[in-house]
Amino acid sequence: MSESSSKPILNIRDLVVEFKTEAGVIRALDGISFEVGEGEALGIVGESGCGKSVTALSILRLIPNPPGRIAGGSIELDGIDVVSQPEDKMRKVRGSLASMIFQEPMTALNPVFTIGNQMVEVIRVHQKVSKVDAKKQAIEMLRTVNIESPEKRIDQYPHELSGGMRQRVMIAMALSCSPKLLIADEPTTALDVTVQAQVMEEISRLQREMNMGMILITHDLGVIAETCTRVVVMYCGKIIEMAETKELYENPKHPYTRGLLDSIPRIREEKLESLPIIEGMVPDLANLPKGCRFAERCPKAEDRCRENEPPLEDTESGGKVACFIPN
Amino acid sequence: MFHSQLIKPMEDPLVQVKNLKTYYPIKGGLLNRRMGDVRAVNGVSLDIQAGQTFGLVGESGCGKSTFGRSILRLQNVTSGEVRIDGQDILSLDREALVKARADMQIIFQDPYGSLNPRMTVRQIIREPLDTHEVGEKVGRDAEVMRLLEICGLRKSVADRYPHEFSGGQRQRIGIARALALKPKFIVADEPVSALDVSVQSQVLNLISDLQAEFGISFLFISHDLAVVQHISHEVGVMYFGELVERASAEELYSSPKHPYTQALLEAIPQPLPGREKKKISITGDIPSHHDPPKGCPFQPRCPVAMPQCAEHKPPLKPLDTFSRHQVSCWLY
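If you read the protein sequences in the order shown, they are chains P and R. Be aware that the first sequence starts at 1, since it is given in my numbering, and climbs by one per residue. Be aware that the second sequence starts at 1001, since it is given in my numbering, and climbs by one per residue.
I should point out that these hints are in silico values taken from the structure, not numbers from a laboratory. One or more of the hints may lead you astray.
Between beta-carbon pairs, the in silico distance windows are [what the hints assert, rightly or not]:
1. P:N327 - R:D1320: 45 to 51 Å
2. R:D1209 - P:P299: 17 to 23 Å
3. R:E1213 - P:E279: 19 to 25 Å
4. P:E121 - R:R1154: 29 to 35 Å
5. R:L1331 - P:K246: 34 to 40 Å
6. P:K89 - R:G1029: 48 to 54 Å
7. R:I1026 - P:P299: 50 to 56 Å
8. P:D284 - R:A1142: 28 to 34 Å
9. P:D284 - R:K1155: 16 to 22 Å
Note that the Cβ used here is the ideal one computed from N, Cα and C, for glycine as well.
Whenever a hint applies, use it, and build me the whole structure from the sequences.
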């Protein structure tokens, strides 16, 4: 089943986001639709430039404008129409209804304020509580994300913490107002593998315990396999495949998904002569080929693939795929 | 001994590093005095055979990049010995070092920062040829074209600038530049970490092919054990400035000995949904250089630490007399 079973907390329909560049107007997102159910963990995977981060920013309407703008489609977040919402209302939505964890915790935290200062500020923007109570809440939150001696940590500055700890602080901040949707954009990419495993486990545990909807954005199919129930695969601003995680990994329908799965570096028992690859590279968004965007790299491409763009259609196994010759 | 007569005697390794130490001073206090040292590389010894790749793996801050830069003398070394192709690199004077550098090159992680944005691809690749006055001037452009072809780039790209290329192509340009002087030894410092997975494998395959064709030795530095496996003959694992395990690639992956190596292997996220999740055996972060732990540096995070681990540092020693598999752990 590619549609989420519970009531959707997020519903995106035909979303188009455009950016003005020197090379002309490019479409970073070209008509994407998906939803996230209450308490569901959805993974979005794709390579740089595929539009996965733009999707995340659009949901909170954080696309820098200019040069970017939402040029079409709708985003419904817990019944609120995000696209037409006035800015002051949006500010209330961010943090309380949906919040975001970024890749780089050092740049996402303000270096001249203590952890406590920043957490108290977030809490007091959304809740009418005193500074003392907000600080108590913040300490509790730090404890929830398994930071040792939170009473001490709360008065420290970001540079005094390790990368893994900073990301835990970001998680604590993002969750401090119990959002219904958490958007995690490459939350562990900047961390070492041993720390990555710990932080990912933390995010996953809290997501289940708080029954939040979650969008996990990553280029790493390994991380998604362990965390998400459904996966969206993006390529060049389009969704090219969508399926339940197990189904996607075991029976990838789109040749690109197949190629991505094959090219993940993994420990192998036998050394290979050469590693499986996807030929060529991602086309320039300002100069997209006619037809399927993956055609020039696709081992199965036929003439029709270079002429017409395949629509995203239902598969027999309940997912969706945009390919004329799916596996 | 019977054994040693059967084994073909090993040739002298191309790269020999003995007890290399690179310390950075920690300054502070009144008059900015030296308060102590960050022991970025703290006594590492290893050797690399001609035509082989040594994979050096470890997490950020373990000293792997400092090690790579130190052996090429791109970094001031505190003590130790480095011999590359018979030359004592650390004692060379400036002029001799410039000459020696023709034989040893480096490929950097960041294909955006390591190419001069104001130079064309032709100029970038030609520069080392001009500096070292290789061949006749007229022949150098033809050499640039040959190098582009070897690295899988079209000749027509020669007069374009770095910003016009994707990350994978820029890394190919960096590799072409490193190959220009026909080096015997290349340090590749996280060469594929900044690339997308689909392009990563392309560049890894290119490096493997180049090695097979030209017999270059590589020190391949990476944080990712999965990336290193394909490309390496031998693998060393670094932690907190020291080598904690070293073995042939086959052995390291099939029977890792050090608890840290085991943890690194376990922590790699697997693209197998529904797999029984392994319990994460190590917690916490790498120790601080301001307050290094006593005994084994991994001991505060180690799931199987014994009392003696906090007292004495285990030496890096072979598992048994004939083994090239070395580990520094009191368990063995």
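Outcome of the hint check:
no.	hint	verdict
1	P:N327 - R:D1320: 45 to 51 Å	holds, 49 Å
2	R:D1209 - P:P299: 17 to 23 Å	holds, 20 Å
3	R:E1213 - P:E279: 19 to 25 Å	holds, 21 Å
4	P:E121 - R:R1154: 29 to 35 Å	violated, 53 Å
5	R:L1331 - P:K246: 34 to 40 Å	holds, 38 Å
6	P:K89 - R:G1029: 48 to 54 Å	holds, 52 Å
7	R:I1026 - P:P299: 50 to 56 Å	holds, 54 Å
8	P:D284 - R:A1142: 28 to 34 Å	holds, 30 Å
9	P:D284 - R:K1155: 16 to 22 Å	holds, 21 Å
The structure fails hint 4 only (numbered hints given earlier).
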